[in-house]
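From first to last, the protein sequence lines are chains A and B. If you're matching positions, the first sequence starts at 0 in numbering that gives the first Met the number 0 and goes up one per residue. If you're matching positions, the second sequence starts at 0 in numbering that gives the first Met the number 0 and goes up one per residue.
There's no promise every hint is true.
[What the hints assert, rightly or not] In silico lysine-lysine, BS3-like type, Cα no more than 30 angstroms apart, as pairs:
id	chain 1	residue 1	chain 2	residue 2
1	A	Lys548	A	Lys691
2	A	Lys569	B	Lys245
3	B	Lys174	A	Lys580
4	A	Lys583	B	Lys245
5	A	Lys583	B	Lys157
6	A	Lys617	B	Lys157
7	A	Lys617	A	Lys699
8	B	Lys245	A	Lys523
9	B	Lys245	A	Lys617
10	A	Lys164	A	Lys47
11	A	Lys202	A	Lys91
Please keep in mind that the hints were generated in silico from the structure rather than gathered at the bench.
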Amino acid sequence: MMDYNVDGDGVATITWNVSNRPMNVMNVETMTAYAAAVEKAVDDENVKGVIIASAHKEFLVGADLSVMGDGDASMLEEFMRVLHGIFRRMEKGGKPFVAAINGHALGGGYEICLACHHRIAADDPKIKIGLPEAKIGLLPGGGGTQRLPRMIGMQQALPLMLEGKELAPKAALNMGMVDEMVPASELLAAAKAWVLGDGQKTKVQPWDKKSFKMPGGAVQSPMGQQAFAAGNAMLHQRTYGNYPAQRNIMSSVFEGCQVDIDTGLTIEIRYLIATATTPECKNMIRLFFAITEAGKGAGRPKDIPIATLTKVGVLGAGMMGAGIAYVTAMAGLDVVLLDMQQAGADKGKAHAEDLIKKRVSRRRMDKDKGEATLARIHATTDFAELAGCELVIEAVFEDRAIKADVTQKTLAVTGDGITFASNTSTLPITGLAGASSRPDNFIGLHFFSPVDRMPLVEIIMGKETGDGALAVAIDYVKAIRKTPIVVNDSRGFYTSRVFGTYVREGLALLADGVAPALIENAGKMAGMPVGPLAMADEVSIDLMYKIGKQTQEDMGDDYIAVPGDDLVQKLVEDLGRLGRKTAKGFYDYPEKGDKRLWPGLADLCPPAAEQPSVEDVKMRLMYIQSIETARCMEEGVVTEKRDADVGSIMGWGFPPFRGGVLSLVDTIGIEDFVAECDRLAQAHGARFSPPKLLRDMAAKGEGFYGKAA
Amino acid sequence: MADAYIFDHVRTPRGKGRSSGALHSVTPIELASTALRAIRDRNDLDTANVEDVMLGCVAPVGEQGADIARVAVINSDYAESTAGAQVNRFCASGLEAVNIAAGQIMSGQSDMAIGGGVESMSRVPMGSDGGAWPTDPAVAFRSYFVPQGISADLVATKYGFSRDDVDSYAVESQKRAQRSWEEGRFKDAVVPVVDINGTTVLDHDEHMRPETDMQSLASLEPAFINHGEQFGFNSVAIQRYPEIEKIEHVHHAGNSSGIVDGASAMLLGTKEMGEKLGLTPRARIRSFASIGSEPTIMLTGPSLAAEKALKRAGMEKGDIDLWELNEAFAAVVLRFMQALDIDHDEINVCGGAIAMGHPLGATGAMILGTVLDELERTGQSTALATLCVGAGMGTATIIERL
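If we strip away everything but chain B, and leave its shape as in the complex, we get (with noise of 0.2 angstroms):
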């Protein structure tokens, strides 16, 4: 079996999700170009030799509809000859994307290919293309059906994390993630959106609030009770758990992932293409996975996830020097933490999606991205990075620097 390595990687910043936001005005398929056409031109790449570009994309309906990955490759100039398929498992998109990439060249089906994502969820919001799960009343009965700050309400729950534990880790987060861009520690893989006439249009993560406190955080009401006790969620979920009372509600949108758009993308391929076009490979990818679990719970998976890419790997725990873990809900993050008893210093050490926001088919390339930095900048050697992923599923990567 070939290597697959990693040779580059950028990412927008992300704006927030709404109309007021920066990237509003900006198209899906610009900001996917933006990506694309930043990872060819700072690496002077005769993109002919891309042989395929996986885009992962949550919500592929209207503009972000009918392969955005091969619409996105002819709207950045690529070589006709490259490829391109939008891949959807859901909040792990961009890190499944970047797995299938990486999977055509380690079965030598491919020598260098791009994977990453996109989402401008101000323009297509979540939730656009419908679906079955929840709606179908056959699959919902049969399943279970919950929406996800549910299940993050019951993880909370389950693994008995207080309001002030998530927000705890919610203010940590946004504290890291401003240190992080205090010191420059994105200035590598982040690219600014610029409009037509070359005007930039953002350059900084937009959504971050390092002023955020635990008495701010305070005066939240929780996101999820109506859902919960209106709609009947709440019952669903004790139905399937029914070890637990009453679901307590934890989660609002300061402890929860931010709403935002924005782009990734990551240039792997063989070490023979990196040395034909004079690239220096920067990490190897050493396994990934991903697996299915409860879907209620929905968001337990990465711990899942990483065991089994561990294994695959020929890895243990203890051979991850940082962990980069989605942080969808502060719970999900603690539970992995419980899970695999990791210490808060080694996993999300530049802050995560709670301050910067989810752009859900773009953040798992974003935060492998992020974490292969880190190693650089740490001089340390191995990560993983994971996503918790609807419907109970979850999508880990190991890499090793080089």
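Okay, chain A solo, but in the shape it has when bound (with noise of 0.2 angstroms):
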């Protein structure tokens, strides 16, 4: 687990070499193992340095997220003594200690790299460095907050762990956090090299010194005061105070780099604590889990073999085609890109050359792969070109007739025994399979747009859908890199169905006379990407006046109107305002300048003399996807509450911090959930009342998620 070795020139390796863990991570059981090796090493008198290194392909990738406690504060706070205890051992041992990074070294294994006296990286751009845990809601706690910025600088150090960043060894020599760069095989000779040599005289950390300064000013400088302002200002901004690790960050920093090394160690762990205990933090972990879990295709079939795609058919290259054919090739597929017109086809195709264009001058990928990737799009109209394709994907136009059309002419060339995929967002799959001779074998792959940036598909199961095709794709998502969920067929699915609530609600407020401001801004301190109306005007309106009139139409007596109905109808028959598009919508779009809200909602919805609270607009704004979420499990629209969340998280933007629609509830404790929603449903309407499967919840105090703690 731990490598002891002293050669003969007294140069000590310590090895991290764990072997009961997949990766080396610092854990209860590890920890005790470094700290014996560091002790051994302080105390031989013939050792004159000690290299910290790794026997895997990763240097260390921080701490087991078994020693958070589970929300044990006690357990987690003994565990950091313990590991300030080690840290401060090598610091102040007496002898020079050297991380020799030879794969990635993140959170905690970037931390034992700043208790070393210096730092050498290979020279390898895969190798990943930094602190990212504020990315699953976490500060980092192992003495990050201190030395990082002692070592770089505030101004460096605070975006570094604000936003998580995890940099290759250049970058990171260059923002001064680690001290060489050298090629792979010769690090440990490196390191060594600088034992014996420079480190004699390095035994001693800067800020253990008298003479220590902060790298670029102090706290308490003109300069500090600035940076400090602002960077909370801008922090507030961009967080609208949703997520208590970044702000923790800022104050731990703010109050530990006042004061000594030690003092500022206790500063952190309290901050950690903080941190570590609070929902935001317990969100984002089940999040990040949930994601990896998603990501790895959890809802597959387990004993389908895993589909070998080669070829795989796009029909149709507008906006959604072309994404779709360019993600495809840079998987390494071979793509038929087809179309009506060869125009039209050349013009998706054109769409992944840009893309890929891009990337090149961006320098994320080279020339000639680059070249290779868009050789592998074809472009044409000839459906006979689809022959050999395993897989097909339909994104024409949302039309029932046309897209029977489509799935036949290429089942007639390439054989009903291969999957055939919708694109659809609005058409039920099942009738959409109606159109194949082996619907068993049709399924929905709902893409999000811009293809290239969104990492969801939703992937959709119809009536008769069987396992095979859900295999296939699966493994196909996973081969494009990107998180497949898998719902039932349903109006609008999951995503679209429950998102749609987010911009009906926002229009049901704005009805009910709140005034337009309070309505986006709600929506975007409750952590949403953009508020509800302004979402209105990018799906536009008038296309949510179709769909909600076909709703109305399909539903027939079990149709819940919304308030904000007749308000749509009037924006889209009387005003001609259809949003984004139409450069009039919810907003008004400049030529020139930022969209500001039309004024004229005023007069169409007079803003009622008393105002809701800012917090009763986000409970509405949000509860109500949550509400909407229960109806699909209660539904079987979705079955897994992992893609209920990760899905919410990745396909429209619904915020980390809370961990997903279902965490949601769970967060707020079921029995005040639904006491919220009953009085939300008594005083704004029956779409707020809860569906039987939250109130059984409530009667049993059991959250999606296990007991209210």
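Join the two chains, each given in its own frame, into one complex according to the hints.
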């Protein structure tokens, strides 16, 4: 687990070699072994200095989340105190320590490097170095908030920690996060050379010297004051105060860097515990695991062999089709991109070309590989070219007849043994599958726009869709490095259906006389990427009108009207305000400058004299999404909580600090949530009425993820 | 309870608060001493009777640090027995110093005291004293800190004052200040600052631009756009006031208070002490008050402070003949007039800090003195002086001419 070796020149090497975990991680067991090795080296008169190394591909990837103590703060505190004791022993033991960074050094794995007197990284651009804790709602608590600012200055260190950046060795060297970069094969030799050379004059950390000054200026300097005043506001702007980890990182640096390092570390522990015990942190850690699981294809039928896809057909070279062709080619698959007109097909391919050129110009791809990728896309109008495709995805116009036509034309060429997928976002899959002679091979693959950037694919099971098609769909989504969730057929499936409630609740608020700015700000303050009215403009109001009308027709008496329905009709039919595409919607879009709320809204929906609090508005906008998701669970549209939460975060930008649309319910507490919903239903309509699923859960006091804490 | 009477007040002229300003060569301790010596000499005062000197100072560091009031007492050759304390109520420090002095007298713990203030903004810049509010992340987040300029623009946005509204107000302030100087309304209050050789350094308010008109103001860029947009402060303000879509930036150097150097002092005491020393009481303190209110919008405290002081005095709005509100930003005065329904003819009749400048620690006592002089000049009876104050406070004082 922890190899220890002293060579003939008196250089000790402690090599991390954890065998009972997939990676080198810090936990009680490994840190105990590490501490013993450090003691041994420090106590050994013959040892002149110590190299910290790894026998794994990675250097050290931080703490095992088990040390978080599952909410038990005293366990975490104890672990951190022991860890700080070991790190201080390295720093003050009188012997130079050097980190030989051969692979990823992340979180605690980089913090151990900070406690060394010198850091050397292998010159390998794949290596990631940094403190990514904030990404899962945590704070770098192994001395990161204290040592990194003392090493490279607060203004450099803060963004790295607030954004959880992971840097390649070269960038880390430029930032001063590592001191040297050498070819991988020379790493240990370079470390040894440093120990016997400069290391013999570098046995004390800069921050342990009396003469220490914060690089770049102290907290209480004019520079420091300006940096914090602006930094606080910019962080507040970015996070709306929803992310305690970021705020606590700021505080830990601000308070801890005004005092000596030991007091600073004590302050850091306080903030670590304060952060780790927040619901936000727990939500983000759960989400992290959920996304990882979903990304591995957790919903895949186990006993079906992995499909090796080589050739994929994409029908329709519009924005979605072109995007699908691009991500498929990027995954190394051949693509037949088919459109009615050759010019259309070529335009779709040109979109992929643009994206590839951009990557090449940003040096994220070399030119040859870019050309090879583009060459994989074959633009055509000829269905015969689809021969040999294992999977064909249609992204043609949302019209049942057209979709049926291309389905049949395709299967005539490929045979009906292939998997046929529809990228529809509105039409039920079961109906579309009727066009196929093998509805069990017909499945929905709902991509999000823009395809190249959106990480989620919603896989929709028609009534007759079989496990074989599901397995192929998941294997394909994994191949294009996106995250699949699996849902059952229903109007709007899962993501569009629930997301729609956010936008429609925004309209309902407007119809209720709530000031438009208050609605929009409440949406953003709740953590949504944009306000509901701005979102309506993006989606386009006439599309909402069309979908709404269709829904009303289809549902008949079951349709629950929302106060904003009339408003949409008026905007589309009387006023011609269709949204962003016409530069007129809920907002005006001037040619110059930012969009502004259309002043005419005040006549359409006169603001009420008494306005609700922003908290009430936030509640309506967010709770309605959770309620609709619970209905989806109840109806069996979504069967996995994981998929519901992951889909909400990656599909429509539900705020990560909430952990997802179902986690929100647990954060509020199931009983409180149901009581609030009843109150909202009474005040605003039956759409807030909690489904039976929630009532039953509340009766048992059980949330989606276990008993309420 | 005893009454506190005002016997006299003085102020220095206000010099531009930058290196080219006339008072930049004069130390803040000399500015304060100028005011203290003047009030002693022109009243033939035996300073052994002055029990305490309260001086406002908002950046009490460096040469303004370490209790500048007591050091000014010593430097002005006052009696050793005169104590001194520096007061910080941000922009209302000078008025708060007067109120504390009055409070000592009214509570029977002192017979004579001086309240005033000093600020050399050219030598000890605003913000030199740091502070937790903007910088400490826990504090800044909890309280939605934004700088005052953003608050001023927030006031204008929320209460509907356009760029034209605030600029018109500024033009009028310049006109009134010029007329007041021309008519000699300040001549009794202003004591020239002289150098160590007795040569006059400055004898008039240096910051005024009487030629200001709407056109010249229109050419000025709003001052707080960058702060608001680039450093996130607009967003912070909107998170506190989510009914607002966008902060309209209307304030600039021409419709905000000028950064200047200056000092002030006001002599207060009991009736008996006045009689003993042969001093004529000029006004009586009717009441004073300070309040706290929402700190992000920060600058709407004066109406609340005024209402509280009126209530304390058992008075109503209609009982006040003249109003004086520090012109920190034009929108602050416009909002005050809107909130209390006050006519522009009754407020800041001699101009204010937009024209003449706002030496932070000193202004409060200056404007109270100005409005007292104006009561005497016009024969009116009551006045209320107030200032908006950082972090959402407000301070007000009501006086009655004798």
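Hint check against the structure, violated hint numbers in rising order: 3 and 10
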